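With chain A fixed as given, assemble chain B onto it according to the hints.
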Amino acid sequence: MTPPVIKAMSDVAVRLTVSPAPHWRSKRTVEKMMMCHLLALVPAMAMAIYMFGIRAASLAGIAGAVAVVTEAVCLKLQNRDINVDNYSALYEGVLFAFLLPAGAPWWLAAIGAVVTIALGRTVFGGFGCNPVCAPLVAWAFCRLSWPQAMDIDFNTAQFAMNYPLDQLKHFGVDSLYQFDYKNLFYGFQLGGIGSSQVAALLVGGIFLIATGWIRIFIPLSFLIGVAGTATLFWGIDPSVYADPLFHILTGSTVFAAFFLAPDVASSPVGKIPQILFGLIAGIMVVIIRVYGIYPDGVPFAIMIANLLTPLLDRVRPKPFGGR
Amino acid sequence: MPMLKIHYSLESDLKKDIVDIPAPDEINIRVSNLVLKTGKGKKIAKGELIAEHPSRFGGAYHAPVSGKVTKVNYHHITIKSDGTDNCVEPVDLSSLETGKELLRTLQGLGVDVAPLSSASRLLIINGLNPEPGISVTEQLLRVELKTIEAGLEMARRFIAPEQTVLAVSAGSPYRLDGAEIKQIKPKYPNSLDALVAKKVTGKEFPEETRIMSVVDLYRIGKIVLSGLPITDTTITVGDTNYHIPLGTPIRHLVEYLGLEVSSGDKVVLGGPFRGEAVYSLSEGVKKADHGLFVVKAGSFPAIEDATCINCGECVLNCPARIQANLISRYAEFEMFDHAVRHGLHSCLECGLCSFNCTARRPLLQYIRFAKTQLMNQGAGEQEQG
Numbered sequence: 001m002t003p004p005v006i007k008a009m010s011d012v013a014v015r016l017t018v019s020p021a022p023h024w025r026s027k028r029t030v031e032k033m034m035m036c037h038l039l040a041l042v043p044a045m046a047m048a049i050y051m052f053g054i055r056a057a058s059l060a061g062i063a064g065a066v067a068v069v070t071e072a073v074c075l076k077l078q079n080r081d082i083n084v085d086n087y088s089a090l091y092e093g094v095l096f097a098f099l100l101p102a103g104a105p106w107w108l109a110a111i112g113a114v115v116t117i118a119l120g121r122t123v124f125g126g127f128g129c130n131p132v133c134a135p136l137v138a139w140a141f142c143r144l145s146w147p148q149a150m151d152i153d154f155n156t157a158q159f160a161m162n163y164p165l166d167q168l169k170h171f172g173v174d175s176l177y178q179f180d181y182k183n184l185f186y187g188f189q190l191g192g193i194g195s196s197q198v199a200a201l202l203v204g205g206i207f208l209i210a211t212g213w214i215r216i217f218i219p220l221s222f223l224i225g226v227a228g229t230a231t232l233f234w235g236i237d238p239s240v241y242a243d244p245l246f247h248i249l250t251g252s253t254v255f256a257a258f259f260l261a262p263d264v265a266s267s268p269v270g271k272i273p274q275i276l277f278g279l280i281a282g283i284m285v286v287i288i289r290v291y292g293i294y295p296d297g298v299p300f301a302i303m304i305a306n307l308l309t310p311l312l313d314r315v316r317p318k319p320f321g322g323r
Numbered sequence: 001m002p003m004l005k006i007h008y009s010l011e012s013d014l015k016k017d018i019v020d021i022p023a024p025d026e027i028n029i030r031v032s033n034l035v036l037k038t039g040k041g042k043k044i045a046k047g048e049l050i051a052e053h054p055s056r057f058g059g060a061y062h063a064p065v066s067g068k069v070t071k072v073n074y075h076h077i078t079i080k081s082d083g084t085d086n087c088v089e090p091v092d093l094s095s096l097e098t099g100k101e102l103l104r105t106l107q108g109l110g111v112d113v114a115p116l117s118s119a120s121r122l123l124i125i126n127g128l129n130p131e132p133g134i135s136v137t138e139q140l141l142r143v144e145l146k147t148i149e150a151g152l153e154m155a156r157r158f159i160a161p162e163q164t165v166l167a168v169s170a171g172s173p174y175r176l177d178g179a180e181i182k183q184i185k186p187k188y189p190n191s192l193d194a195l196v197a198k199k200v201t202g203k204e205f206p207e208e209t210r211i212m213s214v215v216d217l218y219r220i221g222k223i224v225l226s227g228l229p230i231t232d233t234t235i236t237v238g239d240t241n242y243h244i245p246l247g248t249p250i251r252h253l254v255e256y257l258g259l260e261v262s263s264g265d266k267v268v269l270g271g272p273f274r275g276e277a278v279y280s281l282s283e284g285v286k287k288a289d290h291g292l293f294v295v296k297a298g299s300f301p302a303i304e305d306a307t308c309i310n311c312g313e314c315v316l317n318c319p320a321r322i323q324a325n326l327i328s329r330y331a332e333f334e335m336f337d338h339a340v341r342h343g344l345h346s347c348l349e350c351g352l353c354s355f356n357c358t359a360r361r362p363l364l365q366y367i368r369f370a371k372t373q374l375m376n377q378g379a380g381e382q383e384q385g
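Taken in order, these protein sequences are the chains called A and B. This note's numbering applies: residue 1 is where the first sequence begins, and numbers increase by one. This note's numbering applies: residue 1 is where the second sequence begins, and numbers increase by one.
No wet-lab data here; the hints were simulated from the structure. Everything numeric in this text was worked out from a predicted model, so none of it was measured. A virtual CB, placed ideally from N, CA and C, is assigned to each residue, including glycine. It cannot be assumed that every hint is accurate.
Result set (DSSO-like, lysine-lysine): computed pairs, CA atoms no more than 27 angstroms apart in a straight line [said to hold, decoys possible]:
(1) B:Lys187 with A:Lys27
(2) B:Lys203 with A:Lys271
(3) B:Lys71 with B:Lys40
Between beta-carbon pairs, the in silico distance windows are [claimed, not checked]:
(4) B:Gly238 with A:Asp85: 34 to 40 angstroms
(5) A:Pro317 with B:Phe333: 24 to 30 angstroms
(6) A:Leu77 with B:Ser263: 35 to 41 angstroms
(7) A:Ile304 with B:Thr240: 42 to 48 angstroms
(8) B:Ala297 with A:Lys32: 49 to 55 angstroms
(9) B:Ser9 with A:Ile49: 41 to 47 angstroms
(10) A:Ser58 with B:Asp305: 34 to 40 angstroms
(11) B:Ser9 with A:Ile304: 52 to 58 angstroms
(12) A:Pro317 with B:Asn73: 43 to 49 angstroms
(13) A:Gln158 with B:Gly264: 58 to 64 angstroms
(14) B:Val340 with A:Phe154: 44 to 50 angstroms
(15) A:Val12 with B:Asn73: 16 to 22 angstroms
(16) A:Ile49 with B:Thr240: 53 to 59 angstroms
With the rest of the complex left out, here is chain B:
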């Protein structure tokens, strides 16, 4: 089984084009922590607003199909497709000046505009595939260059960078108009934004530097060219990339692509290192998902609630040079202040510590737990103050 051969390589050997997956009859969009803008029983057209992001710059969410909202609960909204092509009118972006109004329009069309909200001296475009097994980035660079360049042009209007750098895997032919090239060894975790920024600038968390991914630019470009909101995502399954409507249940993909999933397997949305194992095949794909992996039961030793044996593999493999062994223990016993002292906030969440752990401890999980708990404590304090 080729999938079980573990390697850190981010290279991709792309020959095929991106395949469109037709929308299913029913889609499930996750809306937990979003501000819902529709309700049960409402009829909606494709591209109509269904939810807004609560943060200041988060992009909005739109219906990927035309149809009727059949179910709404805390986590999901279900839309039943009516099979028609009933779509919202495109927005004319070319008439808008660069400024607040354009920014809000982009946000309203689904772009996370935080990177565009202020100017910066240096703009880095992360053109590396995010994780092993995902080839979306290079696939887009290969076949959607026009759209990406349209997105880049729009991004530059806001960021006004003096210098634009495209980071690509060493030896790859990908180029962008008006961007310098920085070649980076295509080996995970080199694709993480913080490490790409370091490779380009030589500094850790450099100032006056904005980093955007090729996928970000592609989405902006698509909006610029079409005037329609984002209603799909690009996902790698095996060696092929697919345009998939947001909220498409995994079950639909499994059936359409003929994947084999049986009880006990893990189905992972996102990457094999940072992704999320879903609990149900009805779960819909999300904007940030760029990979779908089926991990067969028994392929890997299971994670255990075991004690640390101090072998040091987590520390020796950490790109952020933190003491993952100690942080995980402090998190386990809820001693979060100590975890911070050992570098918790420098963690880039690449997952290599858990990946290499001999005792099979869920190190990344402990780190994320500690971060969340600290964030919640901070939020609680602010409310009281």
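Just chain A, with the same shape it has in the complex:
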């Protein structure tokens, strides 16, 4: 029998708020999380503008704006509350733009943003439910649909430098003498507009870890996975395989370590699963770079690791006192 609800002592003068425990809470919210993630992208954005000109900002702007509008439309069509003010759509739109070459056409940024939200998130249930990192879904979609428009070397022909990973792929380790690692680190290299800003992304990533918005497990194990696998190949034959530092400083390795791999929805939740996830993704990066046809293995490596997430999450400790 359900006991009768008697609010005999309810009070009109002071109406108290009633809610379940705990009554103190950390002040984590989705809005704050996304705001901090956007803030962490600011140094890379600034460096991207310095490196590639105002065009970098316009691509990020288009992608971000279109992503927000797409999210609003998708939510409206589902009769859900339109909560685009939590910045999650904006953030993922910008993430997609960061993977684009500076010379990419504006419509590509727009289509990519639509795909990020609609195909990357909404069809799986919206923010937080996507099994694969949403900007990478869009990246793969565009990379396969418009290979020329997404090609980094082709779209940055006006710069008097080469895309390091294309050089490695097509001309081998001997061609790498042209790259100064210090320049690569500071972001003076070709690549995605934001994803090539190694130093600036590192600053943003460390900010996110220091403020507790991402845990160190995935970034660290990812970088260890990349460095370890690269060292293995390099140790086998340094005249054929590039050194580990080159793999970390080029392509979107650092970008992935701090921004793509730790994507909340598509990465595992436990500590050991997160470490395994990072290692697998990192190992895959180098394997794809060495054996695959795409110069930068990062996007596909992360997507493959994303698909393993539910499996990895089964690696869990026994509960307290459990048998």
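Below, chain B alone, put in the same frame as chain A:
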């Protein structure tokens, strides 16, 4: 506002003594799920039995003031004080041998005697403050040592432990006669019984181990020394501890202590992590309450019926290593068997999952809901069988 600075520390910096709060004119004692032993209109003396606990070992409830029962409903009994000191006669416990009769007498005086009902090899006394913001335990260790030791002696007569350990926060000077000391880092959730037992024994849910809190011992000691039933509780408000008659309406405390409560605020009885937000200032304090907190409206992001974003903070913060993210979803869709498979029954209910949830989901609430539903299902099956 210092209260909003969130920290997990269980340390307390105690300088004051415990302050007695005088009984109000009218008290409200919650009696839902208790066996009522009095009725409307009855005149009762202070310390007279008003209700019994339905379980085998639960302690009885007594009138904290002398007066007349004016209201009785399913939830509460209201007693209007007559202002006199009309009190029941003390029970002489020293004449009783250790055994069933003494145990029943203690139960009748308000002690939950479940921990005393059988012998055990190891007795652990939890001397850590239960939650951040509550300093009752250390305050009692500081100023009521004699009473606690009397309680310990009585507890040992029943439990007959080979070893007694007092768990205290690291660096604190508190000691008990005849108990070894185990220092524990004073950081929530280390004060939970299960985690204290693990720190002391190295095992999770160890066998042959009994754990009692300092407050339990203090209450037993008080009964042993006075022969009178338990009619008050000790509560931390701010940086001071108060002895408060059971059933004292929060309104009385708010007025007496000059707290500020306005509409929209939350008033929490118990701790900030596990306590209960009351709906009315007329609610009376209960035996198990050791803290009173006023959480101002807007201090914290409100709990939402939002979807999980899989950030993993609940899992990474869980001291019981359970999948709170999945359990809460299974509970939400009433798939309780799956919730059990992911560790529901290992949950220690510390509240850290909801505390850290980015999506602001009521995780602890879902867990408690699932536990209750399963318990009720079990009870239903037993009745049918």
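Hint check for Thr240 of chain B and Ile49 of chain A - Cβ pair distance inside 53 to 59 angstroms: At roughly 57 angstroms between Cβ atoms, Thr240 of chain B and Ile49 of chain A fall inside 53 to 59 angstroms, so the hint holds.
Supplied distance hint 34 to 40 angstroms, evaluated on CB atoms of Ser58 of chain A and Asp305 of chain B: 39 angstroms, holds
Supplied distance hint 16 to 22 angstroms, evaluated on CB atoms of Val12 of chain A and Asn73 of chain B: 19 angstroms, holds
Beta-carbon spacing of Ser9 of chain B to Ile304 of chain A - inside the hinted bounds 52 to 58 angstroms or not: 43 angstroms, violated
Ser9 of chain B paired with Ile49 of chain A, Cβ distance criterion 41 to 47 angstroms: 45 angstroms, holds
Distance restraint hint 42 to 48 angstroms, applied to the beta-carbon atoms of Ile304 of chain A and Thr240 of chain B: 59 angstroms, violated
Restraint check for Lys71 of chain B with Lys40 of chain B, where alpha carbons must lie at most 27 angstroms apart: Cα-Cα ~6 angstroms, so holds.
CB-CB spacing for Gly264 of chain B and Gln158 of chain A relative to the 58 to 64 angstroms hint: This hint holds: roughly 60 angstroms between Cβ atoms.
Beta-carbon spacing of Val340 of chain B to Phe154 of chain A - inside the hinted bounds 44 to 50 angstroms or not: Roughly 56 angstroms apart at Cβ, these two residues miss the hinted range, so it is violated.
Given hint Lys271 of chain A paired with Lys203 of chain B - CA-CA distance at most 27 angstroms: 22 angstroms, holds
Cβ separation of Gly238 of chain B and Asp85 of chain A, checked against the hinted range 34 to 40 angstroms: 37 angstroms, holds
35 to 41 angstroms as the expected CB spacing between Ser263 of chain B and Leu77 of chain A, which holds or is violated: At 39 angstroms between Cβs, range holds.
In summary, the numbered hints that this structure violates are 7, 8, 11, 14.
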